[in-house]
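2 protein chains.
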Amino acid sequence: MSAKREPLFNKVALIGVGLIGSSMAHAMRRADVAGHIAGYAHTPEILERAKAVGFADSFYSDLGACVRDADLVVLAAPVGAFAEIGKAIAGDLKPGAIVSDTGSVKAAVARDVGPHMPQGVHLIPAHPIAGTEQSGPEAGFAELFDGRWCILTPPVDADAAAVEKLKTFWESLGSKVETMDAQHHDLVLAITSHVPHLIAYNIVGTADDLETVTQNEVIKFSAGGFRDFTRIAASDPTMWRDVFLNNREAVLEMLGRFNEDLAALQRAIRWGDGDALFNLFTRTRAIRRSIIDAGQDSAAPNFGRNSDKPQ
Amino acid sequence: MSAKREPLFNKVALIGVGLIGSSMAHAMRRADVAGHIAGYAHTPEILERAKAVGFADSFYSDLGACVRDADLVVLAAPVGAFAEIGKAIAGDLKPGAIVSDTGSVKAAVARDVGPHMPQGVHLIPAHPIAGTEQSGPEAGFAELFDGRWCILTPPVDADAAAVEKLKTFWESLGSKVETMDAQHHDLVLAITSHVPHLIAYNIVGTADDLETVTQNEVIKFSAGGFRDFTRIAASDPTMWRDVFLNNREAVLEMLGRFNEDLAALQRAIRWGDGDALFNLFTRTRAIRRSIIDAGQDSAAPNFGRNSDKPQ
Numbered sequence: 011m012s013a014k015r016e017p018l019f020n021k022v023a024l025i026g027v028g029l030i031g032s033s034m035a036h037a038m039r040r041a042d043v044a045g046h047i048a049g050y051a052h053t054p055e056i057l058e059r060a061k062a063v064g065f066a067d068s069f070y071s072d073l074g075a076c077v078r079d080a081d082l083v084v085l086a087a088p089v090g091a092f093a094e095i096g097k098a099i100a101g102d103l104k105p106g107a108i109v110s111d112t113g114s115v116k117a118a119v120a121r122d123v124g125p126h127m128p129q130g131v132h133l134i135p136a137h138p139i140a141g142t143e144q145s146g147p148e149a150g151f152a153e154l155f156d157g158r159w160c161i162l163t164p165p166v167d168a169d170a171a172a173v174e175k176l177k178t179f180w181e182s183l184g185s186k187v188e189t190m191d192a193q194h195h196d197l198v199l200a201i202t203s204h205v206p207h208l209i210a211y212n213i214v215g216t217a218d219d220l221e222t223v224t225q226n227e228v229i230k231f232s233a234g235g236f237r238d239f240t241r242i243a244a245s246d247p248t249m250w251r252d253v254f255l256n257n258r259e260a261v262l263e264m265l266g267r268f269n270e271d272l273a274a275l276q277r278a279i280r281w282g283d284g285d286a287l288f289n290l291f292t293r294t295r296a297i298r299r300s301i302i303d304a305g306q307d308s309a310a311p312n313f314g315r316n317s318d319k320p321q
Numbered sequence: 011m012s013a014k015r016e017p018l019f020n021k022v023a024l025i026g027v028g029l030i031g032s033s034m035a036h037a038m039r040r041a042d043v044a045g046h047i048a049g050y051a052h053t054p055e056i057l058e059r060a061k062a063v064g065f066a067d068s069f070y071s072d073l074g075a076c077v078r079d080a081d082l083v084v085l086a087a088p089v090g091a092f093a094e095i096g097k098a099i100a101g102d103l104k105p106g107a108i109v110s111d112t113g114s115v116k117a118a119v120a121r122d123v124g125p126h127m128p129q130g131v132h133l134i135p136a137h138p139i140a141g142t143e144q145s146g147p148e149a150g151f152a153e154l155f156d157g158r159w160c161i162l163t164p165p166v167d168a169d170a171a172a173v174e175k176l177k178t179f180w181e182s183l184g185s186k187v188e189t190m191d192a193q194h195h196d197l198v199l200a201i202t203s204h205v206p207h208l209i210a211y212n213i214v215g216t217a218d219d220l221e222t223v224t225q226n227e228v229i230k231f232s233a234g235g236f237r238d239f240t241r242i243a244a245s246d247p248t249m250w251r252d253v254f255l256n257n258r259e260a261v262l263e264m265l266g267r268f269n270e271d272l273a274a275l276q277r278a279i280r281w282g283d284g285d286a287l288f289n290l291f292t293r294t295r296a297i298r299r300s301i302i303d304a305g306q307d308s309a310a311p312n313f314g315r316n317s318d319k320p321q
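Protein sequences, first through last, are from chains B and D.
Per our numbering, the first sequence runs over residues 11 to 321.
Per our numbering, the second sequence runs over residues 11 to 321.
Worth flagging that the hints you see were computed from the coordinates, not collected in a lab.
Please read all numbers here as calculations on a predicted model, not as lab measurements.
Be a bit skeptical, because a hint or two may be false.
It does not matter which identical chain is used: a pair holds within one copy or between any two.
Straight-line distance between alpha carbons at most 25 Å, and here's what the computed SDA-like set of lysine to any residue pairs gives [said to hold, decoys possible]: (1) Lys104 with Asp81; (2) Lys186 with Leu73; (3) Lys186 with Gly314; (4) Lys61 with Gln144; (5) Lys61 with Pro311; (6) Lys186 with Gln225; (7) Lys177 with Ala309; (8) Lys61 with Asp191.
Based on the provided sequences and hints, a complete structural model is requested.
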């Protein structure tokens, strides 16, 4: 141990050991950036399952004990629980510690956690744009953040050294890091993540409710496009409920735009305006190309699904 | 040659050699079900590209010459071109030939092609529920139809032997085959394919139009869900324009249901009804499971995208 280089953080406390928390633990071990990883789970069952996978050095069912002496505390729980967690850990935080999170909304973090933070503790909210439709401590893997963006939303008066350290941390986990204002983050994510999830959940619900088409038919013939939406609509329900409740304004704003555009498309179909349809369908192709060029998706047809692809 | 078993069809004519037509040619060769494969392309450029790949035995820029002596003629072109093609090939069809297609809408095929068919020719519309977001003669591959459903919509007075022969043909290409009424097909596909494509095209267009979020941000942070929609929204514009123009009623009906449900979700977000959100998000998870169990999608997280997954 003594011959090794100093780790970036002596102790990292993960509040939540589901998909994101466990993936962070795996990635921290891969990068060797934490002297000690402590994991907290809010139920005995999840704690036992996390212990069985064994990605942390210690496991706690007590918040205070988990964060004590930690140099970095990461809230990797549903955003709706943040206020309560912030309040519960406040008294046990080490002076100078960085408190961060992995929530998909960011203005709510400053609002809910900020007021509880003692003087000298650095609250720097963060959001790794990575995930899968699976959840739980068994779902994590070290490569989850590789090549994905992590957005930091430090308050205007944040300690520059602490922000820099958190940036280095996420880069060591494989991420590319960008910094922006929390409100802008919430607007960007509303269109790139929250509204897409909402409409995916919605159409899967619509299909499930039909009387004229059976559920069996929906399932059998889903390869026509519907199945793509079901993946997103299989994401963690608690996490996503909290996202929508905590990013209300931005989601409603983007949803308003979506609805307006959809009404125009609906009208084009009703009146047989083929040119309007063709023009939109041509324009959208270019965006896919840009996403592939930016390394944010696979160029393989059908995402390279192993069941569908030859090469 | 003389020692080989008789192929299912002596000559198959493919009217259209894009993703679907070329995949059929590859799959026919794999299964050895056609004595001769003839391919037609409607532009000299596509014809040359198809010849370069070389998946057919002969290539034509003349419709009549392509279908002459064919036992099976398959229209694998955008549905909007079917009426014209039906009229153009009518005089050259072999008596007893089967005329089929691969269009994503089915009532329109009987309406547009049916009136042109001479006595003794069997029109049996078909729809293989398979594809990728890529198009053109280079995009095809033999495995495209493996394990996917192909729906036949024979008219009520269809020749039973011809229907059976077409069923055997699609099974030899790897498909599972189901038969249903054309109107019901159009309703089922409206929810499993057409409306999902429409809302994917729509949200990609909405994101492209925003002033408050840059296109660069949309592309960088697309891993949050948006990128999934861009794959579908990269599908062939002509094909999809024709689908919406030719399945208007069913699409508008399903879109009405989608909009109604989305309005309820929007209201739940506005009023902070977390239970309504949680209940929907829980229900939709089960549908994903059923689709995986039915072998219609990969169980791997993120569709097993090679860029994201370790196992």
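Hints versus structure:
Within a single copy, Lys104 and Asp81 get their C-alpha atoms as close as 7 Å, which meets the 25 Å cut-off; across copies the closest is 81 Å, which misses it. Proximity of Lys186 and Leu73 under a CA criterion of 25 Å is satisfied in neither setting, with 30 Å inside one chain copy and 54 Å between copies. Taking identical chains as interchangeable, the C-alpha atoms of Lys186 and Gly314 lie at most 25 Å apart whether they share a chain (24 Å) or sit on different chains (22 Å). For the identical chains of this complex, Lys61 and Gln144 are intra-copy neighbours only, at 19 Å inside a copy versus 45 Å across copies, given an alpha-carbon limit of 25 Å.
When the C-alpha separation of Lys61 and Pro311 is checked against a cutoff of 25 Å, the pair qualifies only between copies, where the shortest distance is 22 Å, while the shortest distance within a copy is 39 Å. Taking the shortest Cα distances, Lys186 and Gln225 sit within 25 Å of each other only across copies (18 Å), while inside one copy they are farther apart (41 Å). Neither within a single protomer nor between protomers do Lys177 and Ala309 lie at most 25 Å apart by alpha-carbon distance, with minima of 29 Å and 33 Å respectively. Within a single copy, Lys61 and Asp191 get their C-alpha atoms no closer than 37 Å, and across copies no closer than 55 Å, so neither meets the 25 Å cut-off.
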